[in-house]
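**Student:** Order-wise, the sequence lines are chains A and B. Just so we're aligned: 35 in my numbering is position 35 of the first sequence, and the numbers increase by one with no gaps anywhere. Just so we're aligned: 1614 in my numbering is position 614 of the second sequence, and the numbers increase by one with no gaps anywhere.
Be aware that a few hints might be false.
Unchecked claim - Covered stretches of chain A, going by a simulated chain B footprint (3 or more residues, C-beta under 8 Å):
id	region
1	42-49
2	87-95
3	165-176
4	273-281
5	347-358
As the list claims (entries may be wrong) - Straight-line C-alpha distance at most 30 Å; calculated BS3-like pairs for lysine-lysine:
id	chain 1	residue 1	chain 2	residue 2
6	A	K7	A	K204
7	B	K1529	B	K1752
8	A	K7	B	K1529
9	A	K7	B	K1417
10	B	K1042	B	K1113
11	A	K255	B	K1130
12	B	K1254	A	K294
13	A	K294	B	K1253
Calculated from the structure, these hints are not laboratory results. Here the structure is a predicted model, which means the values were calculated and not measured. Note that the Cβ used here is the ideal one computed from N, Cα and C, for glycine as well.
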Amino acid sequence: MMRLFRKERMWRSHYLKSSYDVAIIGAGVHGLGIAYYLASGHGIRNIVVLERGYLGCGNSGRNTAIIRSNYRTPEGIPFYEESVQLYERLSRELEWNLLFSQCGHLTLAHTDSAIAGLRVRAENNQVLGVDSRLIYPDEIRRLVPAMDLSERPRLPVMAALYHPPGGIIRHDAVVWGYARACDRLGVEIHPHTEVIGVRVSRGKAESVVTSRGEISAGLVVNATAGWASMVAKLAGVTLSIVSHPLQACVTEPLKPFLSKVIVSASLHVYVNQTDKGELVIGAEIDPYQSYSLKSTLPTLEQMASYTLELFPQLSGLRVLRQWSGICDMTPDYAPIIGVSREVKNYYVDVGWGTYGFKAAPAAAKNLAEMIATGKTPKIIEAFSPARFYGGQLVGEKAAAAVSS
Amino acid sequence: MADQPEIFTFVFDGQSVEARSGDTVASALYRAGRRIFTRSFKYHRPRGLLCLAGKCPNCMMNVDGAPNVRACITPARAGIQIRHQNAYPSLENDWLSGVQRLDWLMPVGWYYKTMTRDWSWHAAEPYIRKVAGLGIVPEPGRGSKDYEHAWMHAEAAVIGGGPAGLGAALELAVSGTQVVLVDDQPELGGHLRYRKQAGALPDGLIAQLRSICGVQLLSGAYCFGLYEGNLLGVLQTNPHPGAIERLIHLRAKKVVVATGAYEVPFTFENNDLPGVMLSTAVQRLIHLHGIKPGKSAVIIGNAGQADEVAGDLRGAGVEVAKILELHEVVSAIGSSHVTAVRSTGGKFSCDLVVMCGQRVPDAGLLHQAGGKLAWNEQRGAFLPVDLPPTVSAAGEVTGANLARAVDLTAQNVAFNKRSFVCLCSDVSTSDLRDGISEGFDHIETLKRYTTLTMGPCQGRMCQLAGIGVCASETGRSIAETGVTTSRPPNPSVSLGALAGPRHHPIRRTPMHYAHEDSGAVWLDMGEWKRPRYYRSASCTSERACVEEEYRAVREHAGLIDVSTLGKLDLKGQDAGKLLDKVYTNRFSNLKPWRVRYSVLCDEAGIILDDGTISRLAEDHYFITTTTGNLDFVQQWLEWWLVGTGWDVHITNVTGGRAAVNLAGPHARNVLAKVTECDLTAKAFPYMACREAQVAGVPSLLLRIGFVGETGWEIHFPGDYGEYLWSQLLEAGKTFGIRVFGVEAQRLLRLEKRHVIVGVDTDALTSPFESGMAWVAKLDKADFIGRNALSRLSSAAAPQSLVGFVMDGHALPQDGAAILVNGGLTGRVTSARYSPYKERAVGLAWVAAAHAREGAEIDIRVDGGTARARIVPDAFYDPAGERLRM
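The shape of chain B in the complex, shown without the other chains (with noise of 0.2 Å):
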């Protein structure tokens, strides 16, 4: 503090608060006065600083809108925006805060033993939800994206900032050891930078790890996590300007956990008064804000911490009232803040209460990594044993230097309602002993009935109480008791952190901005964005823009944009053996240039997608996979290539392809005003795939027809999308061409009876009950399925998928449920205005027993329901003539 520091001044519930360089916003408050900093979560009660670590819920505020920052550990910045919580209207006028002298009308577990009647409950809960929680949530729409996610990899990672972990760093440091260093403090030292009387870091220690070219230093940074294979979640705060958050995923080859001790408060008589605190918040307060905590001290304590911190409070200018030891202790009064300290010799008066509490090992990690924590009956404290080997602590976290500070064992817990052990929640040890009374002896369901350890401090505070007033009352050793499990994270992580940045990629094809020329008004399929219909100037409405489109394919000649369809080159001697495992038809016997459907089942036979397969030479097949399911398919190829040592090449060209449908009467006359293949049916007949120029630009033509008329699907490069796109419609002008989109696609499909994978089939489809029981080649070798579908070739199936044509005008919606004599035997799965039959059609599932042709089933139409009829052909061109003309 030689330098002159710095004043700025930011904002406490309206009023400005002065605040000096290095404060955070709890010392800046306290210098200014303040003793209360939040309301307690049951009753109400009055809350001041008690750890200053961040490991206490004592100074939840509201920063900048972010509800539920500890204050403590929060810098003080110029202008900040900081309000109380949990209080009304003020911290030290809050209208709930009678709710304190009602507490023993709320014994642990009151809520489950009263109100079972539906009606109490039903009238109680919203008022209990209301009183409940803590900080308010922001508005909608204030959430911050400025997070970041990084990755960093380290042959060792230590975790702590303290002595025992700058020792562990420089140690591994010399020996060449490529090294990261996270602590959670703004500056090293760990608890040398306040506790003055434990000793002072060597000189030019940190300069000398600084100066070691492989040592990296992570200061202002926490582990809230070690997960497998030593994956630590690491979080930074304030990284730089233009982040809040940043979330480090660091791989370690070895950890060194040296996260030190934390000190946990002591449980006796209004225990949680503004006013009684850690010692070790008070050094902080003292050494690190220069800060006179108070006029006059008790310190409870054994000798040790107690002539310490004494020390430090005389330093500081406090008078020391007096030292008790913690069986001494009665209680402490006060009704907003602590005056004084209740002795069995006496009533000391004070302003403050310094309890040199139990020192526990910051152990979380270490339990996270798969060690057990041992009591020591010696430290007074569960210590870590068995480590994995690739993880060691080091330092206060092991036990050393630690000292038994409290006889958890003792029978002398006082009992009370307001001797509290979980700030948190409000739980007091006459709450624990009621709920051990009640059966809930076992440390695991005595958390889950009481809330101990369950709210925001994790545990920290509380737990170790919690296990002595449980081992006390059970008259089990605290050995026997144990502890309950560590999670992550721990500590705490925000959200926003977890979900890092969120950019969502979209997806366009490369003749996006030509459709949106053209008036197209979008679908969102996964990333990728895809007409679903293009305004029209004659048009009002979508149902006539598709109505357009349809008949322009149906009667001139249509143009698509299906460059979402995945696309997979597959390459190898062994490329065909591949498909005849993977997909149910056969295509090792497939001729080359031509093109064979078929489906992909799981191995219970259902069907996971569909697409088109060409075979371009020998050892080149070409496949493409629904938009969906591309990276589904691709994996599942992947997957089942493991091990076969065969050899296939599998590449996504997905993105670097473009691809459009172009079917129509006409389709034949407009490709041949850009093409010099032959065209013609005998040449180029349905199902067979070329490669030509089209518009000079080398393509790939698959005769292929899902809209149920004569077409061509050209995949071509996609730097050449927009280009070719036009010089189609260019050729078209004079046949009428006109672009469709997918709405218009699914119509003439739909006329077809052509099943789109996920619409009409579901996570239970085979290809027996869809009808497509041609496409599973039970004769060939062992296939993905076969099992399953040789059975379900031969049991009956218990629905079917069939096609209907409505009877009157009504228009069912996708997923309308079917009825025969009012009982449910079915569902719509697609129905469309069929301009061809004028009168709606579709497809459905219903129960085997009512798929007959011709049978009349009722569906259900805006409540009441239609007649239809099932067909069994498709609606439109059932033979495929004009498939194939």
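Here chain A stands alone, though its shape is the one from the complex (with noise of 0.2 Å):
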């Protein structure tokens, strides 16, 4: 109760000093989380993130907030299931509650292929240990009671595929919670401060140089989003990466009439309601490649439509604002986590396109793992950026149809 009183500052500010063990560019979920990792897990506090704008600006602020781990490769399945089950404790753990509501998430198929498409990835849950199952209309208007399946010529809703520990989150507190926890571990968060240059010699970073000044690093993290490869270009390391808009709206708050994450790949569209009362409406990336972060008006009609489809009662409801993100998109659709090629302490977390989110604490705490001991851990092998020399891409891509 007395928490609930005290009035301590999340984070406070510093002096930007001239050297740090590690230098964390971007100060997002993956970014704080990394740093957080490391200062808590490994004793390695000397560390520096850097931000070009405010905490969570990029991506972190601007998914639609859904957890799930209910994919569908192997690598991925289980990577995901971590972060899953790294979330569940999160808000313990830092104590901060990260509103994380595990609402259930259900995708659903509109078409037999779509049925096969969502019971390979129930069966390969099921048989690595994830709760995911097909359901069928009799148990999904059980579920969601608010949404039409009713028979009609295009697109029915035929089955789910049911994902109970899926849901919600409030994403800019994990950002708040981590940023706060790395504060009093003794990381330095240095908001408005950009990233200019990486000094790199002999395949080496040396030092970063910043909006307010140089400092030196003996490590070097890119956990940027939306700008990625062009960050890393900054010291000289190509990322196969081509960067997509994504946009998402948000509706007027509604008493609660829908409690499941409800995604459809053929819809192009997925919806949630928060606590607060909102539909989150979320859309599949922009098809063209952009840095732009305006919206368009198209998308947000076509948002506006599948949602309908689902759910024609809502035609009254107003959406309150639109907005867009720069989604990372790799080949695989599978990020990219590891130590680059071209420069030997320069690490990347980066390549997320629409899973980032999601996917934040396991990275996070992988990629803290392999930088404190040196040794890559099994889990995030497979995400390697030496993959795509080697042509072994992770099959993701399959089922990322639609981006949450």
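Join the two chains into one complex using the hints; note that each chain is given alone, in its own frame.
**Tutor:** Written as structure tokens, this is what we have:
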């Protein structure tokens, strides 16, 4: 109770020192998470986290906050499952309620072939111990009574992949929770400090040039999203990434009527109702590459149209705002985690496409372990930057037709 | 108000309410004596009319079942049903109104700081959800579809029909520019309609505008977004009796934003009590609706606007008890309605408090267009600067006529839990101060932590005051503090309007009704309807029907409608060159009247589609694509054609052509009865094509064999669909011909191990691992995917597509997992019971280590596993003899 009325600063501001053991670029869930796990788990505390804008201003604050582990591949499933389990403990660990609501996650199938695709995921999930199964309209109706399950010519709801542990979280709270914990552990967080260069000498990063001065660093971590390939280029590191905008929108609040996260790949849309009552609706990535954060009307119209396919009674509900984030897409829709080939002390935790938020704790924890021990944890081996040189792609693209 | 107004009634919470023509729901309710219009989001405090301009959250109601409708901008109509929101059982007696006395238990961010244990959060969350939210969602099936979309173009669009907008429109129009003027009020004139002392429109201005050809006036329409390329989203309410809303996509060469300014409230204790209103709201009640807004008023504000509104109030018969400057005000007093104002100079009884608030430029559109907002101390507002060249601003939105009404940097903000900045989410000045002291001192993080500006008012009421608190608490200037990003849609827009009429075309093949007559059970494939199978008197189950159709094809003859195949006609000298570039197989050397199969890959060597390509002449090819990928393949071909300068013309002939596949041991006999074309294996071999008359219909015949029997795919003009279909069935009668559907076709092709792209392949499949290496001609000149395919051709694939036969009688489902020694090693893509093998057979992806001929695999079936064996060849006719007969 006392905590409720205590007014502590979440994180302090510091003068930028001239040297740190680790410089992390990007103060989103990944960057702050890596700093947190390095400091809490490996005793590495002389860390600086550099952020161009305010904390969580990138995709950490722009995603639709969906958490799940019902992925498709033997590489992806245990990794995202570890992330879900870390999230389950994180409110307690950080002493900061992340409002994690494991309300259940439904991926809808509207065609026979979509059912087969979902069955692959259900089967693989079950074999690997993730709670996930195919359900059919009777059960869907019980779980989501508000959804239109009527027989209709276009895209009827035929089945769904039901993933009870999936859900939504308060995304900003995760950023703030990690940031506060980092601060308590002695990590320095520097918002409004843009990285404008990385000095590399003989294949080794020596210092990071920021808008507030140059700092030397024993090791550099790129934990950015949206512009990861451009940030990497500052150190001469090339990434197999193309960047696409992804748009989302939020409506006015309604009394609770939808307790599950609903995803439809065929309809390119995902919908959930927050604790506050708003509907959060996300789209598929825009079909073109761009760094523009401007929203577009056609995408908003599509999101509305597809949402009404599932919930026609919402036609009078108003959209309050739309926004976009930039997604770094890799050729196989799997992330790039590990040490770069070009610069031996330059680590990357990038290429997070549309799934970075839900993976943050697992990615951060394992990369921290890799940085601290010099050994690659098995669970992130498949995501190494080296895979693009050997053609060993991960098979998540097959399931990633829609972003959530 | 010279004319006698028309009187009618509507229903509010079961009670009849009288309204006059010109009334909004809110004005009629106010006239009838209602003062509480809703309860606040968090603390359930009573809230009454504040802005009367649709900009605040204080009058949201349920109108005819639609939640969260702003009563103050909803025209009253006879018979409409209005219900209150967010209060139970009534607005006056709300069970949750006691929460406001517990507000001290809810400091900013209280939910982050408590319930950090699983059990406590899990226990509390359902209750938090229950009390949150505003309106009630309509019952399933209630949504209206009466929404329209429209498109307009203008040389100039003027947004706002006040004096500045009208002036700008007239100036453009007289210079010969085609103008569309968008105004959100029921009548033109802007603030001059209700601010009678601010002047009047020049006589005849509106009539003059209306008389100019090339001027279009859209009243009752608001612009919610200014998107890239000057695309304006315009929403028109009730454009005609058949539509609720119409969304107009207005593209303009030049945009003039003349949206004016809106008034925002002051922050002092109990500033949210019903009876505390903005001065412009009071003026609207008096001048637009003829309502005396109260008996005795206290006015808060600086001389100019305070004197103006005092005149209006006295004119309406309201006593002005006192005019106070903001810094004199301590609090408003009252429980469900204001009864007095306490000031440093004493307490003043009243039933109305009028705030002459800061007028804020309505510059959201300009911000969206790329303009910046710069703080102007003298105007007390952020003013638009650095506008893009095709967008300009006129009138009060530029800051003209605005004066500072409140000193935001003054250190006299009253920090109080009941001094509200954000009315949407009940965020007070003390909440903001606490958030800032916890480190959320950037306006964007403060916004996210406190939810300031994130409610239904979209920041209109609270943004400026919030910036003020942030600036004074952090010691930064207002300019340094800055504004949050303006995002469209603003004002908010309904999902229905955005979605539009939502017509869903259904595509039916020319033989659709013949299938219906034959008892077809339908399968939806994208927009298309295809017969899945045909009901038959002799069969009781789908499987039996499918097997009957299957046997007809294997033993006699079968006929299937394949009109849904994508059909592209390629003409031109360089058509072969384009095909060589885009498809993996080689086509420039294909001889006329021959057919070749190919896949099409992306740059990574992933199979995107497959189909047959027939050469009809030196410069003429005919392509078929899979049903779902037609649009994609056409775009893909056109994309790769761009910039080449090649002579290729691509015509999509899918809609105009019907197609059938006639297959089976008797297919030749059947076809021979209706064509004079020489069908002998020598004259018309496998993978050849011919043009010929079939039953008198000019047709293209392809001798190909997806189902594994001798057969012809016949393409012909769609107009003859039903005719040719019936002629072929008639001709086949004596040979035991049957129609067959997609399910039988899938079984037939599976026995032949023919792959269906998208079913047996996925977004990572290359030709090599799927056993189609022969289709990638790596020795030809560069083509899409060649680099990747060359590398893949020599790399060991991690998995392969294999055929399997079940040991026992289990039937796996498509998508079932494959295990070896309990470990996950693959998945089934297609599995069916094969009448030929008398076992289930299928295709599966299996890890390369286990993908050996004869290897045993376990397939998950009904929760357990069943043993299967990998086989190398097609299950049926592996040598393909039947195809070539």
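**Student:** Looking at the structure, which of the earlier hints fail to hold?
**Tutor:** 1, 5, 6, 8
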